[in-house]
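Quick note on numbering: the sequence shown equals residues 2 to 502 in our numbering.
No wet-lab data here; the hints were simulated from the structure.
Quick list of in silico lysine-lysine cross-link-like pairs, DSS-like style, CA-CA up to 25 Å:
| # | residue 1 | residue 2 |
| --- | --- | --- |
| 1 | 487 | 345 |
| 2 | 437 | 345 |
| 3 | 437 | 487 |
Beta-carbon label-pair distances, calculated as ranges:
| # | residue 1 | residue 2 | range |
| --- | --- | --- | --- |
| 4 | 104 | 339 | 35 to 41 Å |
| 5 | 364 | 450 | 32 to 38 Å |
| 6 | 474 | 421 | 28 to 34 Å |
| 7 | 291 | 57 | 43 to 49 Å |
| 8 | 170 | 196 | 34 to 40 Å |
Beta carbons are placed, not taken as given, at the ideal position from N, Cα and C, and that holds for glycine.
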Amino acid sequence: MSHSPLAGLDWDNAFGRLPGDFYTRLAPTPLPEPYFVAASTTAAQLLGVDPDALRGPDVVEPLAGSAVLAGTDPLAAVYSGHQFGVYVPQLGDGRALLLGGARGSDGNLWELQLKGAGRTPYSRMGDGRAVLRSSIREFLCSEAMHALGIPTTRALAVMGSDAPVFRETVETAAVVTRMAPSFVRFGSFEYFYWRGEHEQLARLAGHVIDGFYPQCRDAGDGAAPYLALLREVARRTALLIAQWQGVGFCHGVMNTDNMSILGLTIDYGPFGFIDGFDAGHVCNHSDEQGRYAYGQQPAVAHWNLYCLGQALVPLTGDAETTQAALETYTDEYGKAIAEVMHAKLGLAATEPGDDALIDRLVGLLHDNRTDWTLFWRRLSRLRTDGEVDGGDGAARDLFADRAAFDAWTVDYRARLRREASSDAERAARMNRVNPKYVLRNHLAEVAIRRARGDGGEPRDFAEVERLLRVLARPYDEQPESDDYAKAPPAWAGGLSLSCSS
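When you get a sec, could you build the whole thing from the sequences and use the hints?
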């Protein structure tokens with residue numbers, strides 16, 4: 002057992018108190034000669050841990066799976082799920098181990114999970130490992146999404162090793178330590194439903210309600226708490242997807258086993274932030290049919306909720322009332338995306354013609370493949386009383402069809418004038434919701450190449466830390482970091498991400 006500073010945490014594995022058929026207990030597979038790559042100061046602070054302490058060998062080894070922390074009880078959870086629309090009866094934590102829950106400095110319980118900690122009974126044909134490339138990507142994006150204000154699992158640290166891992170090429174291994182109040186997924190419920198194990202289904206629902214949705218117990222007797230749970234999960238999922246769409250985030254693998262029961266962004270694989278806007282953008286080259294394209298994400302989330310609803314029917318009583326509860330998603334998503342888009346445009350009120358104005362703009366962005374992040378930030382400079390180039394030249398330059406953009410701005414300005422919009426106040430509001438910095442693929446790629454020591458250079462993790470600092474303040478100007486806000490270079494178009502990323 003390791004006597005790391007992490008062992009002094011107040012460990013409490015609530016999930017591990019569920020019956021044994023919810024998981025398999027096993028120790029992680031040690032990584033040879035692990036080394037420190039990066040850590041998140043803000044994630045460490047949630048646990049009341051000194052971030053500098055994460056660099057020591059008494060932390061590196063247990064977070065690389067090379068030692069077991071005192072107070073922890075590692076386990077791999079079982080679940081199933083619909084993968085690209087096809088039900089797979091058993092999935093589970095194939096390369097992740099839940100260490101347990103630790104009581105944070107704020108009194109909240111945070112589950113810590115090692116991703117890449119070796120084979121488990123649920124690895125199927127996999128090796129149970131993660132590579133440095135994907136671990137750095139997940140680490141950076143978890144923390145970047147949090148800084149954007151989007152619900153997400155967190156990432157505490159990344160530890161690496163020179164142990165070889167075979168993907169499309171031979172890469173080196175790494176383990177990322179993930180944090181979340183819970184890692185329960187839609188697929189966790191599907192597993193027991195499809196096996197006909199309704200008692201265990203009820204146990205899992207009780208665990209989730211008691212731990213995270215206690216207000217659902219107040220909904221009434223019988224099926225009422227479970228219907229309330231479904232409505233609340235639908236609501237949280239709707240809010241999450243609207244926020245994804247707002248920042249141009251593509252998950253890439255929205256299988257039901259990758260959907261959090263808490264409405265968190267979970268399982269960062271072949272994700273991406275859109276550069277040149279394309280509503281049909283697919284960030285995962287394994288997704289040959291485009292099932293999880295950017296524009297499909299809202300509908301896919303609804304479909305996934307139906308899978309969850311079906312799994313809960315033995316508890317909710319019947320399909321009709323379950324379906325009615327699921328319609329919460331449609332209503333909540335409609336409201337949430339309208340709020341997101343109004344905020345991005347700096348509109349303080351709503352008018353009947355706003356949807357048409359927004360749809361026209363999104364169509365223009367799509368037709369011109371306008372850079373999503375750059376456009377919204379530049380639009381904040383537009384002056385209400387101006388004509389062509391009335392402060393909107395920077396945004397206008399992003400369009401090939403400038404006449405079409407000019408025509409849209411005439412209506413946009415008229416809309417702003419109707420609510421007596423103040424240019425300065427609107428710009429400030431817009432810059433609070435339209436980030437200047439997102440984790441573009443080429444930024445992550447540069448950090449990864451330096452961390453790996455590509456080209457025979459020494460390993461250098463400084464770029465990972467630098468990028469993490471910039472992404473921690475995505476809405477601030479940070480003029481010293483303007484290079485991180487530029488459009489991607491030409492070589493970035495050749496970057497490709499798959500399910501093994």
